[in-house]
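Asker: As a plain string of letters, each chain reads:
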Amino acid sequence: MSDKILTKDSAASFLAGLGGERDLFAPALAEGKLAWAPLEPGREPLWEFSNTQMSPKEFFFPQTECMMRFTNQQDGEQGMIMRPEPELARERVLVNMRPCDAKAFGVLDLIFCQDEVTDDPYWRDKREKSLIIALACNDPCPTCFCTSMNCGPHSEAGADVLLTDLGGKLLVRGVTDKGEAAIAELPEAVPEDIAAAASAKEKAEAAITTSVEMDQVKAREVMELYEAPHWDQVQESCLNCGTCTFCCPTCHCFDIQDETQGAAGRRVRNWDYCMSWLFTQHGSGHNPRGAKKDRVRQRFMHKFKYIPVKRGGEIGCVGCGRCVQLCPVNIDVREVVRNMNA
Amino acid sequence: MSNPYVPYPVKISKTLVETEDKQLKSFWLDFLDPAHAEAFAYTPGQFAELSVSGHGEIPIGIASSPTEGDTLLFTVNKVGSVSTQLHQMNQGETMGVRGPLGNSYPLAEMKGKDITIVAGGFAVTTLRSTVTWLLDPAHRGDYGDITFIYGARTPGLLLYEDQWRDWQKRDDINCHVTIDREVAGWDGMVGFVPTVCEQVAPKPDNAVALICGPPVMIRFTQPVFDKLGWRAEQIVMSLENRMKCGIGICGRCNVGPEYVCKDGPVFTKAQLERLPAEY
Numbered sequence: 544m545s546d547k548i549l550t551k552d553s554a555a556s557f558l559a560g561l562g563g564e565r566d567l568f569a570p571a572l573a574e575g576k577l578a579w580a581p582l583e584p585g586r587e588p589l590w591e592f593s594n595t596q597m598s599p600k601e602f603f604f605p606q607t608e609c610m611m612r613f614t615n616q617q618d619g620e621q622g623m624i625m626r627p628e629p630e631l632a633r634e635r636v637l638v639n640m641r642p643c644d645a646k647a648f649g650v651l652d653l654i655f656c657q658d659e660v661t662d663d664p665y666w667r668d669k670r671e672k673s674l675i676i677a678l679a680c681n682d683p684c685p686t687c688f689c690t691s692m693n694c695g696p697h698s699e700a701g702a703d704v705l706l707t708d709l710g711g712k713l714l715v716r717g718v719t720d721k722g723e724a725a726i727a728e729l730p731e732a733v734p735e736d737i738a739a740a741a742s743a744k745e746k747a748e749a750a751i752t753t754s755v756e757m758d759q760v761k762a763r764e765v766m767e768l769y770e771a772p773h774w775d776q777v778q779e780s781c782l783n784c785g786t787c788t789f790c791c792p793t794c795h796c797f798d799i800q801d802e803t804q805g806a807a808g809r810r811v812r813n814w815d816y817c818m819s820w821l822f823t824q825h826g827s828g829h830n831p832r833g834a835k836k837d838r839v840r841q842r843f844m845h846k847f848k849y850i851p852v853k854r855g856g857e858i859g860c861v862g863c864g865r866c867v868q869l870c871p872v873n874i875d876v877r878e879v880v881r882n883m884n885a
Numbered sequence: 046m047s048n049p050y051v052p053y054p055v056k057i058s059k060t061l062v063e064t065e066d067k068q069l070k071s072f073w074l075d076f077l078d079p080a081h082a083e084a085f086a087y088t089p090g091q092f093a094e095l096s097v098s099g100h101g102e103i104p105i106g107i108a109s110s111p112t113e114g115d116t117l118l119f120t121v122n123k124v125g126s127v128s129t130q131l132h133q134m135n136q137g138e139t140m141g142v143r144g145p146l147g148n149s150y151p152l153a154e155m156k157g158k159d160i161t162i163v164a165g166g167f168a169v170t171t172l173r174s175t176v177t178w179l180l181d182p183a184h185r186g187d188y189g190d191i192t193f194i195y196g197a198r199t200p201g202l203l204l205y206e207d208q209w210r211d212w213q214k215r216d217d218i219n220c221h222v223t224i225d226r227e228v229a230g231w232d233g234m235v236g237f238v239p240t241v242c243e244q245v246a247p248k249p250d251n252a253v254a255l256i257c258g259p260p261v262m263i264r265f266t267q268p269v270f271d272k273l274g275w276r277a278e279q280i281v282m283s284l285e286n287r288m289k290c291g292i293g294i295c296g297r298c299n300v301g302p303e304y305v306c307k308d309g310p311v312f313t314k315a316q317l318e319r320l321p322a323e324y
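Heads up: the protein sequence lines correspond to chains A and B, in order.
The numbering used here numbers the first residue of the first sequence as 544 and each following residue consecutively.
The numbering used here numbers the first residue of the second sequence as 46 and each following residue consecutively.
These aren't lab readings, by the way, just hints derived from the structure by calculation.
Every value quoted in this text rests on a predicted model; they were computed, and no experiment measured them.
Don't take every hint at face value.
Claimed, not checked - Only part of the chain B face toward chain A is listed, based on derived beta-carbon distances under 8 Å: (1) V124; (2) D232; (3) G236; (4) N286; (5) K289; (6) G296; (7) K307; (8) T313; (9) A315; (10) Q316; (11) L317.
Don't be surprised by glycine CBs; every beta carbon is placed ideally from N, CA and C.
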């Protein structure tokens, strides 16, 4: 781990240098909304922002992704045989990703690439071909609760490089080997810069005003949490609209569908969501999560109990607060976890 | 990098409508590439995603046994769009198989024990695989008594008649096949599966039971085994849920923290008692 320094004046040319063979992306304002967009080499990225409305999971797990193609005819040697899509042609640099989002992809690595059997090549390819330069949060939102979710405003997990805004300059920390290689040419930071970043971290952590406890959620058995009475209240207001799942950086459920047009056919995967009735419906018509309560409960149990049980204590939430901001009926995940933990 | 989503191409070498209601059809599949047959090393209890290009995939239990060679057997119930399309496909057509997926019956832990196998309706598929595997000369000596109880509503709804008629003639398996109500021309047992279980009364000592069938059969068979003194750890079941990825990622088949596609489909009753009944 090395600490370097980069002045904001020279950031654009430094990033352009990282570009070259790679495509650059960064959060940018477009039509009043903050969203990820291509960053033209030579342009300075935005330094002052909260976070994008949608998470950047699209870079690794596109909303619709072609997995394989086939010739849609039975005759002929290659007819109906599935051929995987080519891998990503160019590498990418994702600039100024918030630490919560970077952390989320570290958690998803454990789900998409579990072992020899479960090793998702589409996810892995995009992860391996991306350099993540995170930008620490110095000014968290009221909806942020990352410090309660194994994360924090200056968390380094999942990032290759972590930037800390020190005013006119940035402290640049190499987190992974890939990150170290990218920043090798930058000048070393002096102890005062490192101290300034540490104090910014302390200030940012203190600025996060909400916290949720997870000790009881961790200690209790699955069935005790599952059968708790508070699910009856949460489900009453939920519309099963799925907004929370689409904006969430860790929600990763997907559907696989075939599409054909004449002799061309492809198999695609699309974001899906556990709030949908069809999501679990059997061919027979039977539905193991047929009631709205079953589906609402599934989402929270998955994030706060099932993933921790299966993935060594990692939580399927990073406290980014997007769902709190966007839920049309004001369901607050922090309140739900407090009820689970009560 | 190997891609677990890409099915192996196979040719349908034979089909057979198995039941009088024409709802169940068997497909024998041969790999186009012999290397794929070798890569598809499976054990009884596992399943595969059957892929019909342009329509999608369905998770179906493997009914053949690896002891029978490289040809795979699947028996498919016609319920949705993929299975309906599959029912219209014929010998010689190309489709795909992705797998083998999931865990299998605990054949290693079952060694040295008596085995009772209870099947209802078309849930018999992976149990056909298991019985065939157990009766193979390479394995039969490792196990104690084998009892097979299989029931369907009518004789015309029983699958794999050639096999179970053959098993009835053998002396190394007790094979009881029953139908719900008397039918002219039926020479076998009559009565629901739970009733037959009561009559056969398999002993729980040093024994394992594999039980697969429709929920109503499970509900009434369970108390029979409880009364006979079976413990939940000795009863092994196989679950079904809607699936897509088949490798424990896509989020729909889970029962609590367990993914039916990856951690299952085989669970003991003791395991299921600690999980939500979301199946």
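Asker: Indicate, hint by hint, whether the structure satisfies it.
Answerer: Structure-based check of all given hints:
no.	hint	in the structure
1	V124	holds, 3 Å
2	D232	violated, 32 Å
3	G236	violated, 25 Å
4	N286	holds, 6 Å
5	K289	holds, 5 Å
6	G296	holds, 3 Å
7	K307	holds, 7 Å
8	T313	violated, 16 Å
9	A315	violated, 13 Å
10	Q316	violated, 11 Å
11	L317	violated, 11 Å
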